[in-house]
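Chains as they are written, first to last, in this note's numbering: chain V, 1 to 607; chain A, 1 to 133.
Everything labelled a hint here was simulated from the structure, so no lab data went into it. Don't take every hint at face value.
Chain V stretches covered by chain A per the calculated footprint, using a threshold of three residues with CB under 8 angstroms from any CB of chain A [stated by the list, open to error]: (1) 92 to 99; (2) 129 to 139; (3) 318 to 325.
Computed footprint of chain A on chain V; a stretch qualifies when at least three of its residues, placed anywhere within it, have a C-beta under 8 angstroms from a C-beta of chain A [stated by the list, open to error]: (4) 376 to 389; (5) 403 to 409.
The calculated label-pair distances, taken between Cβ atoms and stated as ranges, are [claimed, not checked]: (6) ALA447/V <-> ARG83/A: 54 to 62 angstroms; (7) TYR16/V <-> MET58/A: 26 to 34 angstroms; (8) HIS211/V <-> MET58/A: 41 to 49 angstroms.
Each residue gets a CB set at the ideal place from its N, CA and C atoms; glycine is no exception.
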Amino acid sequence: MGRELSTGVPDRTDFYVTVAAMVMIALWTTLAGLYGARARSTSDFLWASRTVGPRWNAAAVSGEYLSAASFLGIAGLVFKGGVDALWYPVGFTAGYLALLLFVAAPLRRSGAYTLPDFAELRLGSARLRKICTAFVIIIGWLYLVPQLQGAGLTVHAVTEAPQWVGAAVVMVIVTFNIYTGWTHSITLVQAFQYWIKLTALAIPVFVLLIHYAGEDPGFRNSLSASAPPSFSQATDVTPDHDVVLHVTKPMRVMVVGTPDGRPTKGTMPLAPGENRVAKGTTLHFDAGSRVPVISGAVVDNDTWLCPLSQGQRSLLATYSLIVALLLGTMGLPQVLGRYYTDPDGRAARRTTQLVLALLGLFYLLPMASGWLARLYLPRLLVDGNTDAALLLLPRAALGGWPALLLGGLIAAGAFAAFVSAATALVVCVAGGLSTDVLPSRLQDFRAATLVAWSVPLAFVLAVSPLDLAQGVGLAFAVAASSFCPLLVLGIWWRGLTDTGAAAGILAGGGLAFAAVLPAAVGVLPPGWQAVLAQPAAFTVPLAFLTMVVVSRRTRDRVPTDVSRILLRLHAPDRLGLSEDREVGQLGTRIWRAAAALSRIRGGRHRR
Amino acid sequence: MSTTEPVGGVGRRSVVGVGNRPVGGTDSRPLVDPWAAAHTSTEFAVLRNRLRGFVFPMTTFFLAWYFLYVLLAAFAPHFMAIRIVGNINVGLVFGLLQFVTTFAIATIYVRFANRHLDPVGSRIREQVEGGTW
Chain V
1 MGRELSTGVP DRTDFYVTVA AMVMIALWTT LAGLYGARAR STSDFLWASR
51 TVGPRWNAAA VSGEYLSAAS FLGIAGLVFK GGVDALWYPV GFTAGYLALL
101 LFVAAPLRRS GAYTLPDFAE LRLGSARLRK ICTAFVIIIG WLYLVPQLQG
151 AGLTVHAVTE APQWVGAAVV MVIVTFNIYT GWTHSITLVQ AFQYWIKLTA
201 LAIPVFVLLI HYAGEDPGFR NSLSASAPPS FSQATDVTPD HDVVLHVTKP
251 MRVMVVGTPD GRPTKGTMPL APGENRVAKG TTLHFDAGSR VPVISGAVVD
301 NDTWLCPLSQ GQRSLLATYS LIVALLLGTM GLPQVLGRYY TDPDGRAARR
351 TTQLVLALLG LFYLLPMASG WLARLYLPRL LVDGNTDAAL LLLPRAALGG
401 WPALLLGGLI AAGAFAAFVS AATALVVCVA GGLSTDVLPS RLQDFRAATL
451 VAWSVPLAFV LAVSPLDLAQ GVGLAFAVAA SSFCPLLVLG IWWRGLTDTG
501 AAAGILAGGG LAFAAVLPAA VGVLPPGWQA VLAQPAAFTV PLAFLTMVVV
551 SRRTRDRVPT DVSRILLRLH APDRLGLSED REVGQLGTRI WRAAAALSRI
601 RGGRHRR
Chain A
1 MSTTEPVGGV GRRSVVGVGN RPVGGTDSRP LVDPWAAAHT STEFAVLRNR
51 LRGFVFPMTT FFLAWYFLYV LLAAFAPHFM AIRIVGNINV GLVFGLLQFV
101 TTFAIATIYV RFANRHLDPV GSRIREQVEG GTW
């Protein structure tokens, strides 16, 4: 068996397989985009035509939604945190249930293309629209950071190239596709992306499970003992950033490097509690030795299998996370646009129902791979690179050509995840920038695409990253504290006013953003983890409360046509009530830019 | 919580009916406005009541179900740690059940909406378009 005994430098074949996987994803998206550009008309530019059925659209929604966090991040979190990490996939899925019950059909009937459109349509305020656009951009940027980070990590894990290379590759593919009209066929492409991601994860996981079932159990880590995981063979680990390791019983390791700041060569004792290890230090573990784990990871395998094992201290953080994920999904800027593809509210409901099934099906796989990583990759618990678990799993478990092929498949799926999620986000951010921030002309949409990249790229280069799933969690917290109250109250309460909505968004969303910023830039003060990194339990109620109180105090600002708007949101619509043309005027600026872009591309548009 | 406010008029569920003005808000249009009339019609009240009657209890249920899981994990860790088969314990089964219930609730809602909400809405639309009001 060609197992890796150390982190070692991967051979060239790995490099070629990964590059081939990336090129395949790039070629596929570009060709599908060019095909789509021929087949569709101008008016489809941003959100595709509204003739696809709920099945296609559900796959497209899922394809766009399953980002770096879902593909790599959840496997990493389950690996590190055990059953506790189940909350991420459960929350990512349940968010669509809240969306279905409260907003899906009314939102579709509103005819709004974007969240700022909805705000302007419902409350008729240009000022509120600008505030909403600002939050679309903030949420989009927070969400883009983990995508670029995941891309960097993927390329780095397989080829040892620096982190920025992967981020740059994703940026180039996405920008090229947006410029050449890839989004023409966005529904078709995004729908296929879902199946690519599912296949890219399902095949390796099933192969590894079969391998696991047929393997000599002595050759891998065991999960049945109430002890820390142990190395099944001698292993060298070299963390590429400073780590804090936890052990329950004292142990000794061979080191080369600078643990505790002193250059050392020889054995180093690890005492129960925290042990600091500087980056670049090589730790050598003999076969059978226990695995010290980085802070934040679960030490014992027994506790790993139990939820909330880190004690009741994490109860608040867990509640906060549930609130953010459950209510944040409806406020994500890229989700609403997808619903425009459904012809009516009924189809929007059906789409959401199918999305729940597709997401549930998908999320079984990262959970299973987190479990497999616990068996085969204990060294990642030492160097903290848990997000790479999925990528390194085939090599750790199989070796040889099968590992290479499965690794390439996973890398391709991961790239599909970064590209599809990043495309949707960049289109939203650039759309917001070009319609509401920059003066609206064609050049601005192109320029806006570059501006949309700049901030997340700077973040990825400058700050030490969070776990992927946690990074995406920050975007959810801000979305839940800003757009969720706007949508829920806007759809269900006629008393909402523009002043109230603006005050609520600024108070809740602003505070949430201020709270997650330290976590996002990696300077989280210890002890404030629960409140700052996951503030939704406080900021969501604050946003709702502010909206209601301020709206009541500005009762004279309730729109005069509120009856008409609410009726339209709640009455089925197949024919007359919901004329998209009517609201189209609000959303047309972005379409006009799109149409102009399409004309310049060679006038293939037809009306 | 504010989401429990009725759609028409702030907390004035009882006064909404045929011919009544929506008391909350500032709708000052004449009574003949079909939109205002439709909004205060019995059909719309039925639609609203059915929707609320389904969505709010169901939301309470699924929130209670999610939070129950967290509470059990925090306060009954021994129960959650009971092994069922091999490495699979009660906690894991509960976690996976969350996916099943989420999908089940969505399915029930979609059926409910198609059977009980859409027909009422269609009647309202026909009446507005047909100029009944």
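We went through each hint and held it up to the structure:
no.	hint	in the structure
1	92 to 99	holds (count 5)
2	129 to 139	violated (count 0)
3	318 to 325	holds (count 3)
4	376 to 389	violated (count 0)
5	403 to 409	violated (count 0)
6	ALA447/V <-> ARG83/A: 54 to 62 angstroms	59 angstroms, holds
7	TYR16/V <-> MET58/A: 26 to 34 angstroms	52 angstroms, violated
8	HIS211/V <-> MET58/A: 41 to 49 angstroms	43 angstroms, holds
When each numbered hint is compared with the structure, violations occur for hints 2, 4, 5, 7.
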